[in-house]
Amino acid sequence: MSRLIPVRETILAAAILVLLLLISSRFAGFIAPSNLANVFNDTAPLIILALGQMVVILTRCIDLSVAANLALTGMVVAMINVAMPGLPIPVILAVAVLLGAVMGAVNGILVWKLSIPPIVVTLGTMTIFRGIIFLISDGKWVNSHEMSPAFTAFPRMELLGLPVLSWAAIITIILFGIMMARTQFGRSIFAVGGNPHAAVYTGIDVGRTQFWAFVVSGALAGLTGYLWVSRFAVAYVDIAGGFELEVVAACVIGGISIAGGIGSVGGAVLGAIFLGVVKNALPVVNISPFWQLAISGSAILIAVAFNSRSGRTKGRIILKSAEATQ
Amino acid sequence: MTTRIAPAPAPDVSPIVSMDMITKTFPGVKALDQVKLDLFPGQVTALVGENGAGKSTTVKILTGIYQPNGGTIRIDGDPVVLATPDDASQAGITAIHQETVLFDELSVAENIYIGHAPRTRLGLIDKARMHQDASALLTEIGAPFSSHTQLRDLGIANKHLVAIARALSVDARVVIMDEPTAALSHKEIEELYELVETLKSQGKAILFISHKFDEIFRIADRYTVFRDGAFVADGQISDIAENDLVKMMVGRSVEQIFPQTNHEIGEEVLKVVGYAHPTEFADINFTLNKGEILGFYGLVGAGRSEFMQALFGITKPSKGVCRINGNIEVIRSPADAVANGIVYVPEDRGKQGAIIGLPIFQNITLPSLDKTSRKGFLKLAEEFKLAREYSQRLDLRAASLDQDVGNLSGGNQQKVVIAKWLATQPQVIILDEPTKGIDIGSKAAVHEFMAELAAQGLSVIMVSSEIPEVIGMSDRVIVMRDGRIAAEVEGDDMTPETLVRHAAGITTPTEGAAA
Amino acid sequence: MTTAPQTRHVPDRLNSRAARIFKSWEALLLAVAIAIFVINSFASPYFLSAWNLSDATFNFTEKAMIAFAMALLIISGEIDLSVASIIALASTAMGLALQYGAGTPELVIIGLTVGVLCGAFNGFFVTVLGLPSIVVTIGTMSLFRGISFIILGDDAFRGYPASFSWFGQGYIYWVFTVEMLLFVIIAVIYGVLLHKTNFGRAVYAIGNNPTGAMFSGIRVARVKFILFLLTGLMSGVAAVCLTSRLGSTRPSIATGMELEVVTMVVLGGVNILGGSGTIPGVVIAAFVMGLVTFGLGLLNVPGIVMSIFIGLLLIGVIALPRLWAMAAARRTP
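Protein chains in written order, with this note's numbering: chain A, 202 to 527; chain B, -12 to 502; chain C, 212 to 544.
Some clues are possibly wrong.
Not the full set, but computed from the structure, chain B residues with beta-carbon under 8 Å of chain C [stated by the list, open to error]:
no., residue
1, 2
2, 67
3, 71
4, 245
5, 317
6, 325
7, 328
8, 341
9, 343
10, 354
11, 356
12, 378
13, 383
14, 385
15, 413
Simulated pairs of lysine to any residue, SDA-like, Cα-Cα distance not exceeding 20 Å [as the list claims (entries may be wrong)]:
no., chain 1, residue 1, chain 2, residue 2
16, C, 407, B, 373
17, A, 314, B, 54
18, B, 372, C, 224
19, B, 114, A, 378
20, A, 480, C, 339
21, C, 407, B, 368
22, B, 362, C, 404
23, B, 372, C, 221
Hints are computed from structural coordinates only; laboratory data are not their basis. Ideal Cβ placement from N, Cα and C applies to all residues, glycine included.
Bound-form chain A, shown alone (with noise of 0.2 Å):
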C-alpha cells in the first residue's frame, strides 16, 4: 500500500522542477513550452540510451559498449548512405536497429555462455567496436554534403509539433513501460536481478534473460547511433566518446540500484532529463560548459548516497510489536 506513489522518482521529478524554477528566475524564457521542447529533443538519445541501460543494469550487468556501438553503428549507416543515395530510410533503420543488437548480442552471449562478467566483456568490446570504425572508415570523416538530404533530415522531421528524434524517445519509453509492466521479459528482468537464485527456481533462465537485456540495449543503441549521426550531419571514430558514463550516470540518477532489480522506466527517463536540463541550462544561467562534468559527477554522488539512504532496509522491530509472538 506505501507504495502507490514512487518515492525515488516524485523526490526526482521534485528536484527537476525546482531545478526549472532556479533556472527560470534568471531566465525566464528557458521554461517556455518550446525550449523545453529543444531541450528534451536534445536528451532524446540519452533518454533511448539510459532505457537500454537500465534493463541491462537491472539484470546485474551493466554495458559500457553503448557509445561505442552507437558510434559503428553510425559510421557504418552514414558509408551505406554514401554508397547507396538512394536506400530509403526505413531500410537504413532497420539495419542500425539489427546491427545495433548483432552486437549487443555478441556482449550477451559472452557473458550468458561463457559467464564472463559483463564489465570485463563491454569493456573489451567498447576498445573492439571503437577500433573496427577506424578500420572500415580508415580514419576518415563522413561528412554532411556526403550524405543524402533525406539521411539527414529525418530526425528533424515534425510530426505533430515535434522531430522525429523527440518521438522516438517518446515511443521508446511508452514501449518500455508496456514491456518492463506488462510483459513475461519485463517481469523477468526485475526477478532475475532481484533474485537470480529464486529466478532459477522459477523456471527463468538468468543466463538468457541477461543476453536479451543485451540485445535490447544493444538496438538502441544501433537505433541511436542513426539518429546520432544524422542529426549531428557527421560520423568519425569518436562520436559519442565517454556517453557511455553519462548512460549510466542517467541510471544512477534515476534511482536504479547498480546492484540489479531495482529501478523503473520513470526513474531512468527523468535521470536522463535531470542531465539533459543541467546541460542545457548551463550557458543560459552563464556558467561556463565546463561545470557540467563536475555537476554530474556530484549529481551521481548524491543520488547513490540519497538512494541507498531511502532503500536502507527497517529492522524488525520486534520490540515494539505486541503481536510479534503470540
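Starting from the known structure of chain A, fit chains B and C onto it as the hints suggest.
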C-alpha cells in the same frame, strides 16, 4: 506425539510420480544411487534422511533443476524427461523451497504468477485478472494481506503463504515441501498443517521433507528413507515406530546421550549489564563463569542471535557495558571482541563463518595472524603449524590443509570455523545453533567437544532452539522472549515445560509491549 | 555413538610448488608475452634495439604503477574508475602551484597529496557511507576531472621547471629510465604487501567473503579505506610522472586510462569479482600490453587499432580457457 489426523489411505492407488533407479553424480560424488520414490494422490509422503542423504538433490531433480544421470521418472506411468523447471511445472510438479525463492521487488500477485501470468489477447500480462485470481487464492489459504502488497513488506511467515499460493496457482498435482516449517512459529505451523490437509483432500500428492519427527508422525501417511544417497525403505507411517525410523535413517540406533558435564565452574569471566538495542533487544543482564556452559533458549526471532552479534561487536548496542575479568571493556567491532577473548561461531557457516575461496590453513590462522607473523610479515611455516595443531584437535577430515575450505562438507567447515577461534585461545566462545543442519553423528561429536572445552576452563555460550540439547548441555539456561530475558533457570528447574512456557510467555503476564 | 577421537594426518599441501606455478595463469601469460616478443622481433628489425625497447616502457610504466594498487583494490572486491581523473586533478593542482612559484619538491608533494585526498574521498563514500564503489567512482571520475575543467577550461599549464622533467624523462643509467626504476620499486613493494604480509592476507579474505572476514575480526572498512588511499597515492605518482613527461597539464590528460589500467589488472589474472590475483601476473600483463602496443607501433598500426588487440586480448584470455574447458567437458560425457 503421534496423533494422526487422516486415516491411512487405500493402498491400491497407483502413484502420480514415481522415480525409479534414479542416479545422480557430481564430480567425485555420487549424490543419488539408484533410488526410488513414489508419490501417491491424496497422500503425504515424508522423505526422511540425514544431511547428505540426497533429499535436496531429489527435490532438484523433480523440479527440473538437475538432470539425473540414470533411471526413469514416470508420471501416471509414462516416462518423462524434466529438462527444465518449466517442464516440471508443466508436468504439474511444484515446490515450496526451504529458503523463500521469491522476489522482494515484485508484488504478491506477480510473485504468485511469475512465469504463468494470465495474458490478454495482445499477449500482455492481464493485470486485472492476475490480481483477481491471486486474491481468490490468498483468501482460500487465509492470507491476511492484499495481492497488491510489495513482497518485501511481508514477514517471513507471510512470504511462506505467498509461496504456497504460488504452488496452488499452477494447479499442481504434486506439491513438494522442503522443510516448510523451519522458520515458522507454532501457530503458523498449525495453519500450515491445515493447508496440507486441504491439499490432500484435493487429491494432490505431497512430498514432505522435514527433520522434525513429531511433524512427520503427525501429518505424513507414508515414509521413504534415504541414507548416503541410497534408498533404504518405504512404507506406511502407521506401520512404523519412531525409533525404527531413526535407526533406518542413521544405519544404527542412536539415543540422544549428552556427555557428562563434570567440569568445574570457576569465577566470573563476563558480566553483561543493561545491554539494549533500539529495535532488537533490551535489558540484557547476566554473568558467565569460567568453565560454564550457558544455554540461550527462545523462539526464532526472540533476539538471541541479535544480542550475541552485539556482544561480538557486529552491531552496536545503544546502551550497556560488559565487564570482562572485572574490567569494563568497550566492544565496538569483532576485532575488539577477539582482543578481549570473546569469539563467535555464527549460525550461517557459508556466509559468516568460513571464508570460501581461501585454503583451510588460511581460514584457521586468519584471526591469529598477529601470532604467526613477524612485524606484519607472514610466516607460512608458523601458520601451517598452528593450523595442523587445531585441525588435528578437531579431527578435521580434509585432503590437505591447502585445500579450499569450500570443498569441505558442512560439518568439516564448522570444524574449521571452531578451529579458527580456538587458535586465538579465547576465554568465551559463543556457539550460535552449533548443531543446526548437521547429522546426528556429528552432533554428538560437537556436544562432546563442547563439554571438553568447558572442562578445560573455557566459558561457552550456546544459542540453541533444540530443547534436549539446551537441557542436556547447559549448566544454566537463559530464556529470551521478544528481545528480553524472560527467565534464568538452572538445575532441576531446567525442564522442557519451563523453557517452553517462558519462551512463549505463558506463566508470566506479558510486560514486554513497551519499548 | 561419536566418532572416536583418533587424530588423522592431513597433509599441508598436495601439489608441489613447481606444479602449481606451471599450471598458473601467470605461466600462460608469460608464454603469451614471450610469443609476442618473438613475433615482434621477427616482424620488425627495429624491435630489438635497446633504446627502442626502453622507449616502449613508457607505454605501460605509469599505468602499471596504478595497476598494482588497483589489483589490491579489485582483489578486495572494490574498484576505482576515477584514477585517470585523479591524475587530471593532481596534475592541475601541480600546474596551479606552479603559477604560484612552487619548485619541484613542492610540486611532487602537492601531486601526491591531491592523489591521497582523492583516494580518501572515494574511500569515505565507499567505506563510511557503504556505497558501491563502481557507482561512487563513476561519480568522482566526472567530479575530479570536472574540477580540472572548471580550473583550466580550454587552457593548459606549461613551463614546468627543468628539474621536474627528471621523473618522466630522466635516465638512471644507459637505457634505464627513472620511470622503470619506480615501476620496479613499486612492483616489489606491492608484491610483498599483497603476498607476504598480514595486510595482504586480509585483502584476500575480504575479497572472498567480506562478511566472513568481518566476523573473523578483520577491520574490513579500514583495510578498504587504506586500499583507496593507496590507489589515490599511486594515481598521484603517475600524475607526477605523466606531467613531467608531457611537460604540460590539460584537463583531458590521461583520458580513458582507467580502462587500460583495469584491462591490465584483469589481463594479469585478477578476478574482477574479487578474491584472487597476483602482482607477478599484473607485471607480466603490463609487459604484454606494452609489447603489443610497441610492436604494432613499429609496424605503423595506429593506436586506435591497437586497442582492438587489447580488447580481444582482454576477452580472449578469459574466454579461451573457458571454451577449452567446455569443449573438454563435451568430449568426456
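So, going through the hints one by one against the coordinates:
1. 2: This interface hint is violated because 31 Å lies over the 8 Å limit.
2. 67: violated (22 Å)
3. 71: Constraint on residue 71 of chain B not satisfied, violated at 20 Å.
4. 245: violated (11 Å)
5. 317: At 15 Å from the nearest chain C Cβ, residue 317 of chain B fails the 8 Å test, so the hint is violated.
6. 325: OK, holds: residue 325 of chain B within 8 Å of chain C, min 4 Å.
7. 328: With Cβ-Cβ at 12 Å, over 8 Å, it is violated.
8. 341: Hint holds; residue 341 of chain B Cβ to chain C Cβ min 6 Å, cut 8 Å.
9. 343: OK, holds: residue 343 of chain B within 8 Å of chain C, min 6 Å.
10. 354: For residue 354 of chain B, the interface hint holds, since the closest Cβ of chain C sits about 5 Å away, which is under 8 Å.
11. 356: Where the cut-off is 8 Å and the nearest Cβ of chain C is about 4 Å from residue 356 of chain B, the hint holds.
12. 378: holds (6 Å)
13. 383: Where the cut-off is 8 Å and the nearest Cβ of chain C is about 6 Å from residue 383 of chain B, the hint holds.
14. 385: Where the cut-off is 8 Å and the nearest Cβ of chain C is about 5 Å from residue 385 of chain B, the hint holds.
15. 413: violated (11 Å)
16. C:407 - B:373: Status holds; Cα separation ~18 Å.
17. A:314 - B:54: holds (19 Å)
18. B:372 - C:224: Since the Cα atoms of residue 372 of chain B and residue 224 of chain C sit roughly 13 Å apart, the hinted pair holds (cutoff 20 Å).
19. B:114 - A:378: holds (14 Å)
20. A:480 - C:339: violated (31 Å)
21. C:407 - B:368: With Cα atoms ~13 Å apart, residue 407 of chain C and residue 368 of chain B stay inside 20 Å; holds.
22. B:362 - C:404: holds (12 Å)
23. B:372 - C:221: holds (12 Å)
Hint compliance for this structure: hints 1, 2, 3, 4, 5, 7, 15 and 20 are not met, and every other hint is.
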